[in-house]
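Protein chains: 2
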Amino acid sequence: MKVPKKAEKKFDGIIFDVYQWEQEMFDGSKETFEMLKRPDTVQVIAVQGDKILIAEETQPMKENFLALFGGRVEKGEDALSCAKRELLEESGYESDDWELWNKIEPYNKVEWTVHFYIARNCKKIAKQNLDAGEKITIKELSFAEFIETCISDKFWGKDFTMELLKMKVNGELEDFEKKLIG
Amino acid sequence: MKVPKKAEKKFDGIIFDVYQWEQEMFDGSKETFEMLKRPDTVQVIAVQGDKILIAEETQPMKENFLALFGGRVEKGEDALSCAKRELLEESGYESDDWELWNKIEPYNKVEWTVHFYIARNCKKIAKQNLDAGEKITIKELSFAEFIETCISDKFWGKDFTMELLKMKVNGELEDFEKKLIG
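Each protein sequence line maps, in turn, to chains A and B.
Once you know that position 60 of the first sequence is 60 in this note's numbering, the rest is easy, because the numbers rise by one and skip nothing.
Once you know that position 12 of the second sequence is 12 in this note's numbering, the rest is easy, because the numbers rise by one and skip nothing.
Be careful, since some hints might not be right.
The calculated lysine-lysine pairs, modelled on DSBU-like cross-linking and capped at a C-alpha distance of 30 Å, are [said to hold, decoys possible]:
hint, chain 1, residue 1, chain 2, residue 2
1, B, K103, B, K5
2, A, K30, B, K75
3, A, K109, B, K103
Derived from the structure by calculation, the hints contain no laboratory data.
Pulled out of the complex, with its shape left as it was, chain A reads as follows (with noise of 0.2 Å):
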């Protein structure tokens, strides 16, 4: 959800900015409403050969987990460039071919997308370029063990989780594997 146009920014954050507005009631009254607004993210899904790439990654406060490549856009970029720097930075790896191919709104409180790429015929073609605050393996997984670790309780990244299962629901994995390896 966006937060409404006359809205009041109270709070600048690092990451979250805070708004309130008087939002009118059912039965005429008022009350102050509050929403958040944080920087849209990106996460890359990441195609070498038959082969998917996904980050093992330690930070700081947090246990171990897996994850798809990405992170924050920054002022000024949009969100595939910040995608592909993402992806060069984390793993060295660089893609020709890429495909937005899915947009969602976590949490209705926070106006905040998530942008999921595909990236095929990934190519190594640099070191990571790492964080301070970030420690990156990478691991090569199938398409069958990419599914698995995903719906796995070490992943990192609730929302991808959630649209693997509807899809295992609703039996169209196949069609998403024929989409990211062919």
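Given the coordinates of chain A, work out where chain B should sit on it, guided by the hints.
Below, chain B alone, put in the same frame as chain A:
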């Protein structure tokens, strides 16, 4: 995740409080980290005979949606008391058979737990007593209709949808039906 003890409260919101702290990175450098705290919430799976009761709801700023009964835990209130209060206010029903079914932390940058309760043997004892920002109609669903509804796009409550999808994929829905209805 919990906000670390050393964190400082930087903003005191209506729903969201913002905390920040200095975090040491892997190379010894420091960065300011940010997290939010918000009131815990409860969600009630209300059972009457072989039917599940859910809310068809209208709120300012939202499209009509379907949801479990529930709401925010108030200051000084425990989660079960909140569940009983919200069920009574939103539906006019009470139950003498409560069970804490699950606890979920939806979002790792927010200290926030959702408590899911099963309320069996629900009985209507009062009229609804709704907030100025709520309009609620009660729907009675069979177990199969309930699952279908809570997996659909009209349902508000992704964390519950995710749990149902996992149970469906793992063949655990029959056990869940027994737990609810017997």
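Each hint, compared with the structure:
The suggested pairing of K103(B) with K5(B) holds, with an alpha-carbon distance near 22 Å, which does not exceed 30 Å. A threshold of 30 Å between alpha carbons decides the hint, and for K30(A) with K75(B) the separation of about 22 Å falls inside it, so the pair holds. Between K109(A) and K103(B) the CA atoms are separated by roughly 20 Å; this keeps the pair inside 30 Å, and the hint holds.
Checked against the numbered hints above, the structure breaks none of them.
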